[in-house]
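Residue numbers (my numbering), protein chains in the order written: chain A, 1 to 534; chain B, 1 to 303; chain C, 1 to 323.
Among the hints, erroneous ones may be present.
Calculated lysine-lysine pairs in the DSS-like style (CA-CA distance at most 25 Å, straight line) [as the list claims (entries may be wrong)]:
id, chain 1, residue 1, chain 2, residue 2
1, C, LYS88, A, LYS213
2, A, LYS320, A, LYS399
3, A, LYS108, A, LYS193
4, A, LYS238, C, LYS88
5, A, LYS193, C, LYS88
6, C, LYS88, A, LYS186
Read the hints as simulated data drawn from the structure, not as lab findings.
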Amino acid sequence: MRKALLAAGLGSVVAVSGAMPTSAAEVPKPGGTLTYMIPADAPPSFDGHRETTFATVHSVAPFYSVLIRLNPENPADTTDFVCDLCTEMPTPTDDGKTYTFKIRDGVKFHDGSPLTAADVAASWNEIIHPSEGVSSARESFYAMVDTVTAPDPATVVFHLKFATTAFIPALADPFSFVYEKRILDKDPHWYEKNVMGSGPFKFADYELGQSIKGVRDPDYYRKGLPYLDGFVAIYAPKQAVRVDAIRADRAQMEFRGLPPSARDQLVKELGDKITVQESDWNCGNLITPNSKRKPFDDVRVRKALLLAIDQWHGAPALAKIANLHTVGGIVFPGSPLAATKPELEKLAGYWPDIDKSRAEAKRLLHEAGADGLRFELLNRNVDQPYKFVATWIIDEWSKIGVHATQKVVPTGPWFDAMRSGNFDVVVEANCNGVVNPLMDTQKYLPRSVFTENYGGYEDPAEVGIYNKMLHETDAAKQRALMREYETYVIDTKAYEYPMLWWWRIIPARSYVKGWKISASHYVNQDLATIWLDK
Amino acid sequence: MSFSAQFRPPSPVIAEAEPALEHSPLRRAIGFCRRQPLGTFGMAIVLMIAVAGLGAEWIAPYSPTANDFGAMTEAPGWAHLFGTDQLGRDIFSRIIYGARTALVVGFSSALVGGAAGLVLGVASAYFGGAIDLIVQRVLDVMMAFPLIIMALAIVAIFGTGVHNVIVAITIPLIPRCARVVRASALPLREIPYVDAARACGFGHSRIILRHMVPNVMGPFLIMLTAFVGQAILAEASLSYLGLGVQEPTPAWGLMLQGGAEEYASTAPWIAVFPGLAIMLTVFGFNLFGDALRDALDPKLRDR
Amino acid sequence: MYRYIVKRVLLVIPTLLGAAMLVFVLMRMIPGDVCVIRLGGGGARFDARAVAACHAQLGLDQPVWRQFLHFVWGFCHLDFGTSMWSGKPVAYEIGTRLPISVEIALMAAVVAILISVPLGTISALKQNTWIDLIVRTLAIAGTATPSFWLGILTILAVLDLSQAFTGTPWMPPIDYVPLWQDPLRNLSVVILPAITVGYRYAAVSMRMTRSTMIEVMREDYIRTARAKGLLRRIIINRHALKNALLPVVTLLGIEFAFLIGGLVVTEQVFNLNGIGRLFVLAVQNQDYTLTQALVMLVVVVFVLTNLVVDLLYAWLDPRIRFA
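Chain A on its own, in the form it takes in the complex (with noise of 0.2 Å):
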């Protein structure tokens, strides 16, 4: 039984079909062993700090426990984010400027020795401000900290350079594994090989490109977790093996998320003995034209190639193939910082009438000089759902006679290509964590501000809107100042324009238990609430 889903802009959607994760009257089941799959060959690394890869969270964040997070019990919810290590959500003094944590009693690490403010604040200080050598992937997150002091074994403090409400949301980043003091001190490359942490679970074996385990820790602070007695996470980067295995029971689920095609196979054949979550997600993908190529520098072009797409039609049609649902704005849906759809209607390549848009664009186009356009699309070899967004596009620019041919690269000639400026338009991805607006639309920034925009403008202007929105603490002036900000990148500049966000679907066998999906797939990775009903 699959719920009505409901439209665009009216918040994130999370359809659940089959049992739901865990109603109030069950109770759980303590015992038992999780096997999941990871869809990718083997972490480069174990160090969350470090890598960027939903592998590396999937393979070790039961061993860790983090600062702050988003609600296991409620994870969908973007802004309902609970203490981990900490007694209480502070409120922030100062201004807003400082944020003053209390860290738990009693939380001990792997190895026996106690957990303390002092752990803490190393660990965020090499995230924030790493050592000589040490690279941490997510430095520009924070750049808002001035200080993380630990001014005694059970306080954490944090000091900002301004207030902001990016900061909350940053901060409850799942990669930020609280590490030992001691071992970071003496080598911080430490963890980039092994794994010590204070998480429901303990590391147990690690096989290479084949399978990490871990075995439940009885001393863990939170009393009576975790209900599994351990796991196995089997490295599956292949699909239909995943599919395969689910259907098989040689592995219960995977946490990345799977397409509309397997779900319908796994509900088909395995009826009330599968369980489907389903919900927004924080990623998508982009189209970039390059403005540093002819005609792509004229935002008459730019904008002629966004409203020949016919995004509303599009996504119910992509939906049933590929994992993509929802169209949104540069906002993720279901923030409260996302446009609504009326709010949507307005910008180019939402316009509800979509033969008025083609026929504006034609004229756009006509204008610049461009008819008959011709140019090359680069995308990423990675068919979920960046080849298919690329298939759909070109078919839609067709219809207003532009032809554009695909470039189909791997991840390192895809990355060097638009690093160095050496593609027409090209098809990205903007892939986020915690839900975290200001942040994640950063993307949306010029070079000089933001390195990773590959769209080769640059724009003052837009940085002061952004700016501005940065540092407004007032929620509704916020909100105006976002409209502001996605009005102009979109429809005034057509810079850079989202396509349909993403859609995540987690089939999983029906006894597990206790997991609750989110829109991301780093999140609610430590597994210490789930549980099997057999």
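Based on the hints, put chains B and C in the right spot on chain A.
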């Protein structure tokens, strides 16, 4: 993926200046068909594929790249003979157009690789000595280098697409062809009339082109048919790994990638038909090549 | 004879050197590098400084010629360095994945020999009968079938058939355990890929067996044996088969080296953590050290196999010895 395994060179036969006059070409062809039923079957398949590839515009009922979101993963039926794939594209049409891609890739790789191999092999055999040694070492390196890795690297450097796939497949064919051609050409070096030709003052290239090459043509042509088949298989494997031709170009190997595996349980026709097409085509070329060899080999001819 | 052996062995060196140069140059021609892929591969955000730190750590900021010398020197010392992607020693990365690939290759070879030698012989002896036709068709079909397609269909067939007959779908385990730890589980993982790869292997050698047997049966000494009145069975087993098998064994040896290519695709289909999959990964991640080591491994195996075959032929065929 082995290219040399199919081929065992027959003993060299000196080509006659004029063909024997006893049988007209037509009667010899009919004789061939009767003696080699499998070979004829193979030839018929090859012809069918060629017709499909050349006349795709007239034969295929739909455009191979037309997305039809209203008819996704439809089972084979009257509207769509082989069903539709996950984007609603007609599989039958894609197979027809795919024949064109397969033939282009197959023939281009085989011809270019074969031609280069032919020249290298004959020259290497003819000149001998240091040149032979160096060429053989270079060919050794090319043969030892795994095909997949070379293809991966070429695609990563130059991108995907038909041209780069052809390059990626051609390169490993050259040393295999050169090896075999050289083996056939080596005995020819010692034959008296080559010495005589040198004595007459004929240049190297003339001797190579007019005397040595025609005599290795037999085994060479047989090898070409095997190469075409292997090239088509290689393209399928590369596309499966995502390194071959790209969407939305119709190509059999590409059709077996991604969507086919995903829908193997719910819509098996997406995976079955392109695989059958590949199998049948390579089968046809192999049968044809086998029959050709049996026909040309004098030892096997008189039975 | 000794001169030939020495000459032949020395010729191995330029081949190895050539392969080393080729892989070195090819890998570095690919745009992008391992650091960018590692940090940006998920589409998530990363810091430009992190890339620079990564470069320094891996030695990618050194001049190219120095990197090449380091590579060659290390190879001569059997020191293959550390993988740029994971930081673990290359020998360890390869070592943990070699057993399963070798096991599949060996099993495929066993399957191939068990199928091809008897069938090829029967086909040769009963030339142009319907048995011959069937065997030839099977053999040619085997070389014409894409192995990954066969693999996909096999997995599907096993799943569907097991569901039809027993109600629950069965699939081999997706994680590998070594043979001595749990033989049954190990074999159930390896059997399907071995058959898929082995079928192609068998097809190739079936045809070779058939044609060499046909040739040998026509030889004078066989006719003499038949004239002497020897039993057919003895003729075949004692005289014909031995001589016919020599080229077949050669072929099997050379084809074994080519199995690596077949393994790449097979391991993708069956999700096996073997050398083939490592190859693809190494190139995709632009992990120079790992790719270089893997390529050299394959080249060495290939070159050694060829060397052994050539020496064997030289020993058997006096004409070559004195060339």
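Within a Cα-Cα threshold of 25 Å, do A:LYS193 and C:LYS88 meet the stated pairing?
8 Å, holds
Is the Cα-Cα distance between C:LYS88 and A:LYS186 25 Å or less?
Status holds; Cα separation ~20 Å.
For the pair we were handed, A:LYS320 and A:LYS399, check the Cα-Cα distance against 25 Å.
22 Å, holds
Check whether the Cα positions of C:LYS88 and A:LYS213 lie no farther apart than 25 Å.
19 Å, holds
Going straight from one Cα to the other, do A:LYS108 and A:LYS193 come out at no more than 25 Å?
The hint holds at about 21 Å.
Pairwise hint evaluation, C:LYS88 against A:LYS238, where the allowed Cα distance is 25 Å at most:
24 Å, holds
In summary, the structure agrees with every hint in the numbered list given earlier.
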